[in-house]
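Chemist: Chain E is fixed; fit chain B onto it per the hints.
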Amino acid sequence: GESVGLHLPTLSVQEGDNSIINCAYSNSASDYFIWYKQESGKGPQFIIDIRSNMDKRQGQRVTVLLNKTVKHLSLQIAATQPGDSAVYFCAEKRTGNQFYFGTGTSLTVIP
Amino acid sequence: NAGVTQTPKFRVLKTGQSMTLLCAQDMNHEYMYWYRQDPGMGLRLIHYSVGEGTTAKGEVPDGYNVSRLKKQNFLLGLESAAPSQTSVYFCASSYSTGYQETQYFGPGTRLLVL
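Chains as they are written, first to last, in this note's numbering: chain E, 1 to 111; chain B, 1 to 114.
Same shape as in the complex, but just chain E:
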């Protein structure tokens, strides 16, 4: 079946370094993708999104890249801070209003 997945379950980075979190998807019909951040004991929080007619979108310290050819999505966090430590999920929108989430990557920022 089709699925949304992440390449790495955990990632550790030094404070101040850039972080890259990857996500693979297999449904070529998906046209909208979102990255969420989830801190321990809380619900997911929207970070940034991208439509399939774009290949890059930038926010404050975050950039999402979409490569439709290889069905790959990445989240780049610039100058990673301790407050960025969390689990990051990618989600894809398929038919109707259904969103499918990846399994998540746990990011740890080392001071």
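Treat the hints as calculated values from the structure; they're not laboratory data.
Each hint should be verified, as a subset may be incorrect.
[What the hints assert, rightly or not] Dumping the calculated DSSO-like pairs for lysine-lysine here, alpha-carbon to alpha-carbon at most 30 angstroms:
1. K57(B) <-> K71(B)
2. K57(B) <-> K42(E)
3. K71(B) <-> K42(E)
4. K93(E) <-> K9(B)
5. K56(E) <-> K71(E)
6. K57(B) <-> K71(E)
7. K57(B) <-> K93(E)
8. K9(B) <-> K42(E)
9. K9(B) <-> K57(B)
10. K71(B) <-> K93(E)
11. K42(E) <-> K14(B)
12. K70(B) <-> K42(E)
13. K68(E) <-> K57(B)
14. K93(E) <-> K70(B)
Modeler: What follows is chain B alone, placed relative to chain E:
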């Protein structure tokens, strides 16, 4: 403006018991969703609603029922709880601007079924 709230925060059930989880949003959003989150499996969509009076099945609907009698509320029911339904349940609501479909999540309900 409380955003999305969920009741209760935590509950312990015995197998076979029933319960209802309540989700409320004060953002006038049309769309509402119920997800469950299990370790290592991310969030999976149970049921969702695209407007008052409408509901639809998601990825894992079996064992759950939902109702959206009022726009601001989305109820998730477990008629006969099973240990496999032990999970953290998240409710979300969203709007669509045509480009963006941001989902706003509640704080979650932790359910333990013994």
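Chemist: So, for every hint listed, does it hold in this structure?
Modeler: Now the hints, each set against the structure:
1. At roughly 18 angstroms between alpha-carbon atoms, K57(B) and K71(B) fall within 30 angstroms of each other, so this suggested pair holds.
2. For the hint linking K57(B) to K42(E), the alpha-carbon distance of about 25 angstroms falls within 30 angstroms, and the restraint holds.
3. Only pairs whose Cα atoms come within 30 angstroms are accepted, and K71(B) paired with K42(E) is accepted, the gap being roughly 24 angstroms.
4. The straight-line distance between the Cα atoms of K93(E) and K9(B) is roughly 28 angstroms, inside the 30 angstroms bound, and the hint therefore holds.
5. Under the criterion of a C-alpha separation no larger than 30 angstroms, the hint pairing K56(E) with K71(E) is consistent with the structure, at around 14 angstroms.
6. In summary, the hint linking K57(B) to K71(E) is supported, as the alpha carbons are separated by about 26 angstroms, within the 30 angstroms threshold.
7. As the CA atoms of K57(B) and K93(E) are separated by approximately 15 angstroms, the hinted pair is consistent with the 30 angstroms bound.
8. Of the pairs offered as hints, the one joining K9(B) and K42(E) holds, with about 11 angstroms between alpha carbons and a cut-off of 30 angstroms not exceeded.
9. A distance of roughly 24 angstroms separates the Cα atoms of K9(B) and K57(B); the hinted pair therefore holds under the 30 angstroms criterion.
10. At most 30 angstroms may separate the alpha-carbon atoms for a hinted pair to count; K71(B) and K93(E) meet this at roughly 23 angstroms.
11. Proposed proximity of K42(E) and K14(B) is supported: the alpha carbons are some 25 angstroms apart, at most 30 angstroms.
12. A C-alpha spacing of about 25 angstroms is found between K70(B) and K42(E), which places the hinted pair at or below 30 angstroms, so the restraint holds.
13. The suggested pairing of K68(E) with K57(B) holds, with an alpha-carbon distance near 28 angstroms, which does not exceed 30 angstroms.
14. Among the hinted pairs, K93(E) with K70(B) is consistent with the structure: their alpha-carbon atoms are about 25 angstroms apart, no more than 30 angstroms.
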